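Residue strings, one per chain:
Number of protein chains: 2
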Amino acid sequence: MQQLLAVDWGTSSLRGALLDGQGRVLKERSFARGILTVAPGDFATVFEACFAHWMGSAGTFCLISGMAGSKQGWLEAPYCACPAGFDEVASHLAWVKAGRIAIVPGLSCEREGIPDVMRGEETQVLGALQLLGLQDGLLVLPGTHSKWVTVRGGKIARFSTFMTGEFYALLRQHSLLARSMPEADGEVDWAAFDEGVALSLRGAGLLQTAFSVRTLSLFGRITAARLPSYLSGLVIGEEIRTQDFPAGAQVALIGAEALTERYGRALGQRGTSVQRVGAEASWRGLWALAQTIHPSWDT
Amino acid sequence: MQQLLAVDWGTSSLRGALLDGQGRVLKERSFARGILTVAPGDFATVFEACFAHWMGSAGTFCLISGMAGSKQGWLEAPYCACPAGFDEVASHLAWVKAGRIAIVPGLSCEREGIPDVMRGEETQVLGALQLLGLQDGLLVLPGTHSKWVTVRGGKIARFSTFMTGEFYALLRQHSLLARSMPEADGEVDWAAFDEGVALSLRGAGLLQTAFSVRTLSLFGRITAARLPSYLSGLVIGEEIRTQDFPAGAQVALIGAEALTERYGRALGQRGTSVQRVGAEASWRGLWALAQTIHPSWDT
Chain A
1 MQQLLAVDWG TSSLRGALLD GQGRVLKERS FARGILTVAP GDFATVFEAC FAHWMGSAGT
61 FCLISGMAGS KQGWLEAPYC ACPAGFDEVA SHLAWVKAGR IAIVPGLSCE REGIPDVMRG
121 EETQVLGALQ LLGLQDGLLV LPGTHSKWVT VRGGKIARFS TFMTGEFYAL LRQHSLLARS
181 MPEADGEVDW AAFDEGVALS LRGAGLLQTA FSVRTLSLFG RITAARLPSY LSGLVIGEEI
241 RTQDFPAGAQ VALIGAEALT ERYGRALGQR GTSVQRVGAE ASWRGLWALA QTIHPSWDT
Chain B
300 MQQLLAVDWG TSSLRGALLD GQGRVLKERS FARGILTVAP GDFATVFEAC FAHWMGSAGT
360 FCLISGMAGS KQGWLEAPYC ACPAGFDEVA SHLAWVKAGR IAIVPGLSCE REGIPDVMRG
420 EETQVLGALQ LLGLQDGLLV LPGTHSKWVT VRGGKIARFS TFMTGEFYAL LRQHSLLARS
480 MPEADGEVDW AAFDEGVALS LRGAGLLQTA FSVRTLSLFG RITAARLPSY LSGLVIGEEI
540 RTQDFPAGAQ VALIGAEALT ERYGRALGQR GTSVQRVGAE ASWRGLWALA QTIHPSWDT
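As they're listed, the protein sequences go chains A and B.
Using the working numbering, you'd call the opening residue of the first sequence number 1 and step up by one each time.
Using the working numbering, you'd call the opening residue of the second sequence number 300 and step up by one each time.
Only chain A is shown next, with the shape it has when bound in the complex:
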């Protein structure tokens, strides 16, 4: 196996890493060229501008995960149904350029007639499984749309999406509650965050608990500066309250430290211990997938 150009092409950003045959990151770059900034038909041009120098070597293979495989992306890679592991994902690639550039499909699953989808997170999960040496477990990817992923025997069995990050942003920026809060979030106030988590964990639901941002402020029981942290605790606590897993379970958190730190702390209030994996999960997942499909691209 020669070099792999691993690319995570999401809605708002484009990141790439050059990996050697052992999966070590040689170089890394990121660009503000998420798919929302790319006109239909311009994906090849943007890709060339960002990565042509890394693709120059005849032995470099490129594997792309994320929204680049959506209908609005470079080339649609239709959702692959769960349960899905390395083999299922690797056999559903969308080939931009035969043997050279491929896009990883997202996954879909269904529960009680309601479908759910992910794009990009499947690659992070597969990478985290390798990094943590896991075949089974519960993995959580916090974010605008958080994913809770159940893995059995090395395959993603099912998952659920929670719009937690987006609810936070909506309440923070556009709701009546925004008027009580300062413009910028500032440093996290962990005590306020913990109070928000605690109220949600014993609470009756976010429609009700969110109003406490207004009333605590109205009665002068919390300062404006602490409210963003408190609200963050409320929404993350609500996401955790509605999960159905044993109190002593172990959870793997995947993502940027700023978020996994909050989730680790909130899960701690439920007696749940966590392992954390960072952005390297994407690179490892893409590299492991490239290994799986090795015969079709090694030259």
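Simulated from the structure, these hints should not be mistaken for lab results.
Note that the structure is predicted; figures quoted are calculated from it, not measured.
No residue lacks a Cβ here, since even glycine has one placed at the ideal position from N, Cα and C.
Please note: incorrect hints may appear among the correct ones.
Covered stretches of chain B, going by a simulated chain A footprint (3 or more residues, C-beta under 8 Å) [what the hints assert, rightly or not]:
1) 453-461
2) 495-506
3) 512-526
Given chain A's structure and the hints, the job is docking chain B onto it.
Just chain B now, with coordinates in the frame of chain A:
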């Protein structure tokens, strides 16, 4: 008792009604002069401009409910603590003009260290109790911030606020889900509304169920035109799911028909029957309060 000018002065609108000694509505008017449109110090001027001709008669008393009694209003009428009925509310009026113009206080209550508040709804509840001949019950006022009110022995014992209408507006207008929906809501699609309610009633919480707006649309299982009704069912169903009352309970719904119809239908899925009271609840509540304080204003 002579004439009563009953005024409901809220955040976004100003409504008034002239009632005779028997509580009959003689005239009614409304103005787009909610307190958000009135500069501090201008309340008397706006009031004069709208109602001077009705106040002309020496025997006319004016009682105002709603946000006019908030810090940002005409004159602050501090919250009156629950339990509170006619007597408690009537003894906490804020007098704009002795014996002539008074503002009804809002109510506060507290649960597990978290305060809750209402302004205006207490008057609607007191009016509805008279109209329905109730001394005990569960009354629901749907809206931007819905109120669930428990009444015992003719007094408001406690209540809870749910930001349901505001969550709907945030998701409808500012979220990712808005991109799947048409600009205007159109007619209610009752089948789609019922599906949303049903999913929420059996669901794990709105953070998760809301994402079904996106996925059902993505897989072409629901048309864009039906999505606003479906989302409305989701948020109202979520509000109802998180209530703690017996399945066979009876609930009184207070408010505009467009909303009480939806809530009645959603509660029906839980086996709950409803009575409905419209905008007349405010006028009846103000008139009944005026009766209570009669000695101090009748001339």
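Here is what the structure says about each hint:
1. 453-461: Satisfied; 3 residues make the cut.
2. 495-506: holds (count 6)
3. 512-526: Answer holds; 5 residues pass the 8 Å Cβ test.
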